[in-house]
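Novice: Here's the letter readout for the chains.
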Amino acid sequence: MTPFAAGFLGIACLFVLLILRTPVAFAMLIVGFLGYWALEGLRSAGGVLLTESYSAISNYNLIVVPMFVLLGNIASVTGFSRSLYDAAFAWVGRFRGGLASASVLGCAVFAAVSGSSVATAVTLGKVALPEMKRLGYAPGLSTGSIAAGGTLGFLIPPSTGFVLYAILTEESIGRLFMAGVLPGLLLTVLFMGAIWMISVLDPEAGPRGAPVALAERFRILGQATPLLMVILLSIGGIYVGVFTPVEASGIGAALVILLALVRRRLSFADFRAAVLSTLSTSAMLYAVVIGANVLNPFFAVTQIPATLGEGLGTLGLGPYGTLFVIILAYIVLGMFMDGLSMLVITIPIVFPVITSLGFDPIWFGVVAVIVIEMGMITPPVGLNVFVVRGVAEGVPLTTVFRGVMPFLVAMIIGLLLIIAVPGIALVLPNSMFG
Amino acid sequence: MEAWSGRLDRVTHYLTVIGGFCLLAILAVVSLGVVMRYAFGAPLLGVNEIVQLTAVALVMSALPYCTSREQHVVVDVFENWIGRWGRFVGDILSRAMSGFVLAILCHRAVLKALDALEWGDATNMLRIPIWPFYAILAVGSGLCVLVFAMQLVLVISRGAE
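Chains as they are written, first to last, in the working numbering: chain G, 4 to 437; chain Y, 142 to 302.
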């Protein structure tokens, strides 16, 4: 069997294992190890298994994952995330669909302390959905805005998607974090625009909230200020070069814990729960990275990425035609696969193709993350939709899926803008790093 | 068998205490490094090495816990499509194969730890011996093998559900 045929057999086995519910991390580990064994012998395969596993778990840059996960978990258990939502509502709640817009805004800000879209959707969903139900919001709009807003957690730094992309492609985490800021804000504005349009077309869907006096608005904003300062310090610190991403994550988490202790909001039980949850999430993510690290050498030996790149080149589609095909493949895969799994399985194959076409690897990281975000809210497997459905009791799944459709359109518009104007993603990292 | 499974779950849970301390240690070292650099103009040397090695302990003490609670990412969209026999075969196959690969990882990590101990391998800057961290990798992956073996026995004893 040629290495190339072995590679395709490996991909087929990978999908069979995934269909049979093998954890993604272990499916990659199994295929990577056994494939390498078949091609290079047991001794080499054992060496790759140990070296790649150790290098994955001792990767200095990857430590941002547990640090930022801890930050998000502490902010969640202490109720700091609630203050973000309250502040957003005080300022935009009086507009049409204001509560839904406040939810999206709250998601965007919470995304700056959490790298996970699920955590963002759950945290804000628990706070905002009962409020929207109380004010008579259409269930589709309320659940759709939270499900879509939650996806911002995967794009706005610190994003686990960017960390994994950086580890897999050896790109700079700092650059990718900065590249995600403006597209994240762009999507936030587009989501709020979608909410405004829905509310204009159907005023019953998103009624205005009660206006809040200016002094009261500033008072509520003041309550959210400490967490906003932590976000500003950690993300701003990366931008101005004061901190590396790892330092920013450590300082951010330390400050939130300190803040919670000073304000006496952190009980030992809550702290223990936050740490345990952080450990579990981190182990899950590290396992995925270990699996991807072991799978990559196998793919490299089979030369699948290079051959695929040549094959796509011979189709004569040109760079943007090829990009379109790749995005389409991502959207289809995103309908069935979890975003994280999709990222780690596809990037080793797609990345060499993209760079050989002359696209900027940082820019493509943003594009890939947005397409994966779309997969989080598209049927039949929209992870965020299921999560929000779990929080919003009594709302049918079809209502949530219908509710996210306007936001999906907003995401497509955002994606097209970023493809047409790469500067939206690249201006911040380029101004920072040159 | 359920009792043994419960005991193993407790062991993996206790192990997370070590993971928790590692997490907080990394947090403290990284923060201290920044404070020392900016407040006292005296950067801590070897923060990278401390973080990298502690991360090994953190991950390998949390991985058995995550595995025993089945919290790994799974694509479960085809769950109904493959039917109860498909699920049964899949559960057996995934645990057996995952356990097998992790057993090899454990074996290789033991050999590497012994090798590093014999040759006195250490980190570049702080000269921290690296064999204990390969030993931790071996213990963590070994515990995961036990967890998978226990899950395999339970899956087989329960039959197709």
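Warning: the hint list may mix true and false statements.
A short, non-exhaustive set of chain Y residues, derived as facing chain G with CB atoms under 10 Å [stated by the list, open to error]: (1) W145; (2) S146; (3) G160; (4) Y179; (5) F181; (6) L194; (7) T195; (8) D217; (9) L234; (10) A250; (11) V280.
Rather than coming from a laboratory, the hints here were simulated on the basis of the structure. The model shown is predicted, which means the values in this text are computed figures rather than measured ones. C-beta atoms are modelled at their ideal positions from N, C-alpha and C, and glycine is treated no differently.
Novice: Does each hint fit the structure? Answer for all of them.
Specialist: Results of checking the hints against the structure:
1. Look at Y:W145: its Cβ only gets to about 22 Å from chain G, farther than 10 Å, so that hint breaks.
2. The restraint placing Y:S146 at the interface with chain G is violated, with a minimum CB-CB distance near 18 Å, outside the 10 Å limit.
3. The interface hint given for Y:G160 is met, as the beta carbon of that residue sits about 5 Å from the closest beta carbon of chain G, less than 10 Å.
4. Checking Y:Y179 against chain G: minimum C-beta separation of about 8 Å stays under 10 Å; hint holds.
5. Look at Y:F181: its Cβ only gets to about 16 Å from chain G, farther than 10 Å, so that hint breaks.
6. Look at Y:L194: its Cβ gets to within about 7 Å of chain G, closer than 10 Å, so that hint holds up.
7. Interface restraint check for Y:T195: the shortest CB-CB distance to chain G comes to about 9 Å, inside 10 Å, so the restraint holds.
8. Contact between Y:D217 and chain G, as hinted, is supported at the beta carbon level, the nearest pair being about 6 Å apart and thus within 10 Å.
9. Taking 10 Å as the C-beta cut-off, the interface hint given for Y:L234 holds, the closest approach to chain G being about 6 Å.
10. With a least beta-carbon distance of about 6 Å to chain G, the hint placing Y:A250 at the interface is held under the 10 Å criterion.
11. Taking 10 Å as the C-beta contact cut-off toward chain G, the hint placing Y:V280 at the interface is violated, the least distance being around 13 Å.
When the structure is compared with the earlier hints, violations turn up for hints 1, 2, 5 and 11 and for no others.
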